[in-house]
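Chemist: Below are the chains, spelled out letter by letter.
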Amino acid sequence: MAGGFVYTAVESTAMSTAEYYGNTLAELGREHPEIVALTADLATSTKIGIFQKEFPDRFFNVGIAEQNMFGVAAGMAKAGCVPFLSTFSVFASLRCADQLHTDICYQNINCKIIATHAGTSFGQAGSTHHAIVDLAVARSMPNLVVICPADGVETANAVRAAYAHNGPVYIRINRGFDRVLYSDGDYGYEIGKAVELHEGTDATIIATGSCAFQALQAAMFLKNVQGVNVRVLNMHTIKPIDKEAILKAAKETGNIITAEDHNIIGGLGSAVAEVLAESDIPVRFKRLGIPDKFAPIGLHEDIMSILGIDSNGLIHAVNDILGRKTDDDDNWEDEV
Amino acid sequence: MSLSKSEWLALEKKANELRNLCLDTTFWAGSGHIGGGMSAMDIFTVLYHKYLHIRKDDPNWPDRDRFILSKGHAGIAYAPVLCDFGFNDKEQLKTFNHTNSKMGIHLDSNKVIGVDASTGSLGHGMPIAAGTGLAARVLGKSYMTYVLTGDGELGEGSNWEAAMTINHFNLTNVVTIVDRNHKMIDGDTEDVMKLEPLADKWAAFGFTVKKVDGQNIRELCEAIDFALTATNPVLILADTVKGAGIKMMENNYKWHYGAINDELYAQCKADLAEYYQKRVERVEREAK
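Sequences listed follow chains Y and C, in order. In terms of our numbering, the first sequence opens at residue 2 and continues consecutively. In terms of our numbering, the second sequence opens at residue 276 and continues consecutively.
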């Protein structure tokens, strides 16, 4: 990724994912005076407030009025500003879906929606604050680029890439601290290009967001403990989806599992299924995520475990698709 | 700045031409939202032929005044205004609503030159206008934004969200005009969903309300002149007649959208001629 700070894993111990966003936006703000920021009473929670502190005259809090915020952003963009707007993902995708559709996407407005508290990352808040359909909504909007970064470092890359893209971009990021996937930002992030996190030819896990870290953990375990070689693709861009990487994985591994913190309908799993169904490649396929129901209340990690989109769940899923049994490890003799 | 008689007459003449062009477009299209188009035509005329700083040969001039048609279904009136102004070829009006035309019921800002925002879903114009108003402040520009809403669409909460924004940021560079034609698809606004006391509502949201006869060009001009020098946001409550100028349509909610055949067309033309005559007579009586 050209330009900007290169964040490292060291920052990840001190900065939440949203703080990577807020700091990156402030950096961009120093470089580009046309950037403005808007929120609907969530300056602190979404960390867009970091921009506010530095550029109070280019920051607008419209109160608790998300529909209005999207329209205001469209107007500002039409006049030559580049608005970044932030609220929770569940509101960005549903409360103002009409404005997202008509004001932003239909008019192909150059504005960036950085939607926080994605998936079940605000788990304790319950389903009113879980964003489990936002990828489905956003993915079906023409002109909209849809990104789900895996961690804070990737969020910084995605925010910069979003600015560089001329058109509307929706980025969903998690509340709190993501598990650190990238030690630094210099790994060739590009919108629409999956990142291979782990080599493998037996099966492929295509993961997005917080599931990418879990998929890598699962692949390392499967390789080292069971001798199963699993390819892991970090599909950070949900639209445009990286068809090439999906088809290559299908051809070379024959087994595809998708993993996302989202309803299995409409998000990553559906996007990958569409690519596979239109190909002539025979493949075994499984979608993991939220199985078309509302998620339980709880800590994010616990919910991911319950849903089977943590490393343990993914290990089981790989063994299932390969027709293998996941051995219960009752032997404590080899523990260190 | 009072409106001279000659200027008033010139605007009446233009409004009459545009009413006729709106009728023609409805005829060419087969049908259209002519009722709410006619109620708004004097507002369109005053804006496009007196107030808007726009350039025919430079429609995207960054310093131009903005106009946001929140009641996007009035495209059948707005398209004739934009073609007549010179932004688009008038011949395009003959394709209005036809398959593959650039012009459909709700005008697309990416297809029709001079349209500042694609609208159609109601309650979207005021937030967008608040955005262009805020942007002017950020970018150090002195352009004005005018937004025209319907009255029925004021049921959409997003209007009131935007009203709060316009008031909160004291966006005096945004002038909001309500086409108060009293009718919506299903009937009278007060029967479908009560709007009154509408002026009080706007006042409570921090606007200075100027209530005018929306079919009186001089009153419209006086209200806009007031808004241009006001120190807090102004709401022009333009009391209008749905279908103004065509007798069978006037104040008839069923003409929110309608079809016009050859026979009706001839009658409508005659009505518009008679209406124009009365309007000119009023100027002769009232002009200073």
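Please keep in mind that the hints were generated in silico from the structure rather than gathered at the bench. The C-beta atom is built at its ideal place from N, Cα and C for all residues, glycine as well. Do not rely on the hints blindly, as some may be mistaken.
Rough simulated footprint, nothing fancy, chain Y against chain C, three-plus residues with beta-carbon under 8 Å [as the list claims (entries may be wrong)]:
#1 387-393
#2 411-419
#3 430-444
Chemist: Could you run down the list of hints and mark each one as holding or not?
Modeler: Right, here's what the structure says about each hint:
no.	hint	in the structure
1	387-393	holds (count 3)
2	411-419	holds (count 4)
3	430-444	holds (count 8)
Consistency note: the structure conflicts with none of the earlier hints.
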